[in-house]
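What follows is each chain in one-letter form.
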Amino acid sequence: MQYEVEVGGKLRQVTVARATGAAGGFAVSIDGRTLHVDAARIDTQTLSLLIDGAAPRVPVRSYEVTLASDAAGALTVRVGATPVAVTLNGRRRWGRKDEAGGGGSGPRRVMAPMPGKVVRVLARPGDTVTARQPVVVVEAMKMENELRAGRDGVVTEVHAREGLSVEAGALLVVIQ
Amino acid sequence: MQYEVEVGGKLRQVTVARATGAAGGFAVSIDGRTLHVDAARIDTQTLSLLIDGAAPRVPVRSYEVTLASDAAGALTVRVGATPVAVTLNGRRRWGRKDEAGGGGSGPRRVMAPMPGKVVRVLARPGDTVTARQPVVVVEAMKMENELRAGRDGVVTEVHAREGLSVEAGALLVVIQ
Amino acid sequence: MRIIRACREMAVSTVAVYSECDRAALHVRLADEAYAIGPSAPRESYLNIDRLIDAARRSGADAVHPGYGFLAENEDFAAAVRDAGLTFIGPTPEAIETMGSKTAARTAARRAGVPVVPGAETALSADVSDQEIAAIATSIGYPLLVKAVAGGGGKGMRAVADPSDLAAAVRAARSEAGTAFGDASVYLERRLTRPRHIEVQLLGDLHGTVLPFVERECSIQRRHQKVVEESPSAQVTPALRIAMTAAAAAVARSVGYTNAGTIEFLLDEDGQFYFLEMNTRLQVEHPITEMVTGVDLVRWQIRIARGERLDLDPARLLAPVGHAIECRIYAEDPDNGFLPSPGRITQLRVPGGPGIRDDSGASAGLDVPIFYDPMISKLIAWAEDRPLAIARMRRALSEYLVTGIKTTLPFFSWLLDQPAFIDGRFHTTYLDDELKARNGRPFVEPSAEADEVAAIGAALQAAMSAGSMTSGASSAGPLVARRWRAQARLDGLR
Amino acid sequence: MRIIRACREMAVSTVAVYSECDRAALHVRLADEAYAIGPSAPRESYLNIDRLIDAARRSGADAVHPGYGFLAENEDFAAAVRDAGLTFIGPTPEAIETMGSKTAARTAARRAGVPVVPGAETALSADVSDQEIAAIATSIGYPLLVKAVAGGGGKGMRAVADPSDLAAAVRAARSEAGTAFGDASVYLERRLTRPRHIEVQLLGDLHGTVLPFVERECSIQRRHQKVVEESPSAQVTPALRIAMTAAAAAVARSVGYTNAGTIEFLLDEDGQFYFLEMNTRLQVEHPITEMVTGVDLVRWQIRIARGERLDLDPARLLAPVGHAIECRIYAEDPDNGFLPSPGRITQLRVPGGPGIRDDSGASAGLDVPIFYDPMISKLIAWAEDRPLAIARMRRALSEYLVTGIKTTLPFFSWLLDQPAFIDGRFHTTYLDDELKARNGRPFVEPSAEADEVAAIGAALQAAMSAGSMTSGASSAGPLVARRWRAQARLDGLR
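Residue numbers (my numbering), protein chains in the order written: chain A, 1 to 176; chain B, 177 to 352; chain C, 353 to 846; chain D, 847 to 1340.
Excised from the complex, chain A in its bound form:
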């Protein structure tokens, strides 16, 4: 099977084929290079990977990877302790483009991460914003929390109003 995996802003082509022989053996080619990977399922979210450079003197590296998708459907792959954001657009169109970011550099939607009250709206439709620029301030747990733009772009929708009480996951701002 072939997959398009977006990671670190780059789009990688990954092909996976079961290797003959060992139960968990796969021939994995990524951007042209082919590796032998032994994959053991630890649980529904966790795989243990042994990646063999398949060259003399190249060690067999061991990695534990854990995959989790958050409420918004964004995918995080933990490599050991390091979380890596990933979008998977395989033949069968993995993930939901509009939420998972598609070919862009970050999520288009700014959503309330927790229930709270909108205390300030810092962006108006048509504004040009840059990634990590604060666009809405929501108060929760007596702390004011700045919600930042997930990407560079232009604000197309603003659903937040000052004083508005919002639920977790409520759509506040859309950036194109």
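If you're looking for bench data, these hints aren't it; they were derived computationally from the structure.
A couple of the hints might just be wrong.
Quick partial rundown of chain A residues pointing at chain D, CB under 7 angstroms, derived from the structure [unchecked claim]:
{"no.": "1", "residue": "S48"}
{"no.": "2", "residue": "P59"}
{"no.": "3", "residue": "V60"}
{"no.": "4", "residue": "E64"}
No residue lacks a Cβ here, since even glycine has one placed at the ideal position from N, Cα and C.
Starting from the structure of chain A, add chains B, C and D where the hints point.
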């Protein structure tokens, strides 16, 4: 819903009805006595129960119960740290009688708990055996392990042969 | 949890109270009895004295441990417990009242001959005019802090460098203090430059004995909230330790303090220390003191409340064995301005092995509530010295696995690699300055290797799950999640 | 795991080897590199020296840590590692060879002036006749033990009370020793009545320094296998401690011993101690020594192998701080003759909090292999004294949750309540005698309360799951299991 629960050799009648109001609230009657139980699901196997004697000065006891069925289908309910063997024969015939022991006092089948080699067979068809009496000796991990009868009864089948290599779960002896 | 564990070890049976959203919390599941005390909002449950007392009465409890937060420092609650004929496992209402008021506490400290941060001794009630306040401010000198008289934890606090900002800062502090503590009065205090936050743990019994413990270093703070604590402090010399602990004990004795409490000091760059405030309760960071002294503080809280005598060797409490560090792991997204990240913990693997202690209230399948301080774990590492303790904490952080929510674990991995932290060169604003300088730069910047492995892992997970798809699977959620569900049927419950 | 953790803390990268059935074990998942070395059967993997050396060469490793079992005490392996130009993290092949042979070790001990258990100094190779053996036996006196010269852990050992049983016992011991260690030779030893097993941990550097540690009490054994260890021993007086540790160090020095090792003694009822044997490796029970001395033994193994000098304060190693207890948690069914209970761990909740250390190799979703020692965790409790350590261990056991397999947790809960254990009145056969007397009586006898709650829980689980049944669910396994699967789709992966 009504269930017949066999525990500690006794058969208990348990009726469960959703209580109006609180989300996790149930009216549970066991052998005639009715209790108010607040049940919160912790995960697929674990429930947190708050059992209210529903009488003045009777405390609300908190228990964490974990349910697990082993390979043979026998059910174990952990009440806190205490494992309790349980058979559940509800309206829809929970569990498989022949394996779970039905109305008897223990499993009828003596099975190999792990792969190994039969080194001694201590019971012949027709023998009368008492619960916990050794019936087969299996060697595994260089240790000899005695397999005991799960209940009083008469040996009806003996599938174990000395020197025989057996897989985990292999049926060795049946006691009626 | 910490308290239930101590009780179990003493064969004392435990009663928990819970609000709606804490129904599934570990303290409820592992207590012997549990009582609902109302909705999730603190004001209607954990801050509702009547409901708490009712629950205690209903259960026929003998004593009440107030925990770390909520009413732990509320004299009315302590009094209500006492009036209900129960034992309050903590100081007397009188002691809580005196030391709970920052201004009264400062007075007590000065009377005990302990230096306090220069500032106004009188609370500025709502009716004091801006002019009067400005005059007081000038007499103290800038930069200064506007602080709420009640409560703590940085709420109702504002820093003022320029006189023109004073009036606004006071207004802001008053309103914040009003909502947070129901008491809008504030006071002014000189702001020391680059001070360290050093605190001294105390135990006092009912027979007049007060014993201080080796200090805790709590200068690593974000927005005035402690995130990392250590004991001992790399900055405190034996001589300074003797001086600070003696001063702390003197203040506590002067108010007849009993049970567990902590005196907080600011230590300036010249090694001069000033009384800051007292916490009249057990603190979140108490485990590091337990690790380096071997004393079980919660056990002693209970023994003291029973009237037992403190028979600990005072010298031992001031001679730390090795070094301990605590990281407060929060359900926050460090790469998104430390926003709370509530949700359900799908997986939890807690580190173990030598020198590691995890005081966790979380468990897999648990929903992290959004109503309270979203701390999911206190991770403590002990080792023979500070460098080894840091190395051990790094190792433990690398083993810690939490999925389903974002946590501050990556932030701690970053912090423990900072030269300033490793060298012990920091002060109470070090972290805020650093974070500002980073301007939201992510704490984890995956290596090219990690990126490649992640891509391979994602593709393999998809490929391996594909086989086990069934038409019956729910159609909610993105496809990849559905595949894991399908897989769950096969693996999840074997 | 223990070793990987130490390496991580020292920033040493790690290479694991694994046999087929260990593919998913934690040590493989958390190492930096991992190499398959063959099928599950030890003889074809973990006992195959060539494959191990190949893996080490392939990885370009500098050093090899042999772990606790398998080839850890095999001089040929140590030599092969050395010949391959790698560092063996352990003693020299020569020391392993000398102390690995029980008879040679006894000779070494006697030369060092340390009393040994009365017995025959010569190994009885297969060709010695029954008559000769009977003669030797009479000279030693009954009751006696037939012991394999190689290996240990109770394998190839038989007790003989009556001369008429001798020949059979020797045959049995020889065949067992043959299969277990590939060396059928045995020897005879007097069997002391009700002795205690007391052992002394040692570290020796490459510069001639050998340091002994406070003793470990390992008398709680089942079929000659240690199940509970403590340090210090309730039975050992300071004077006896000095004598035993000095004797242990003398034996080690006499054979130029380096790195970590343990000298085992038998302590008879009159307080007389006898050299039993030496373990030329790190032992499973080493953590309790670490807990009461604060020394990281694995770290020192690596430092010693690097040629560093032991710069520890000898006095500190003999002055334990508090008391530590270790329980070896096995995947065995204590209520069914401690039969191995392999299978998949579906849930794992490890205890935490003050004084608790869990050195676990298990994790949820892991299959416990049936080929090796089925130990899933070493649970260690530390506290200020023995009664508190016992109370803390009880608390930890009550928090420990393992589902999917049977474990010895209920057995430990029972043991820690036995008056004989609490009073420290036990010896090496205490446990076997107790178990015999119980004749299979279950360790947990649920109270009427537990029975009732279990019934309610089972009914509620069924009732709550019923709602979420779907026609699409798999038809394998009993219905109740299917319902949980259905539930998994709803809860499992949120």
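These are the hints, each one checked on the structure:
About 4 angstroms separates the beta-carbon of A:S48 from the nearest beta-carbon of chain D, less than 7 angstroms, and the hint is met. For A:P59, the suggested interface contact is upheld, since its CB lies about 5 angstroms from the closest CB of chain D, less than 7 angstroms. Checking A:V60 against chain D: minimum C-beta separation of about 6 angstroms stays under 7 angstroms; hint holds. For A:E64, the interface hint holds, the least distance from its beta-carbon to any beta-carbon of chain D being 4 angstroms, beneath 7 angstroms.
In summary, the structure agrees with every hint in the numbered list given earlier.
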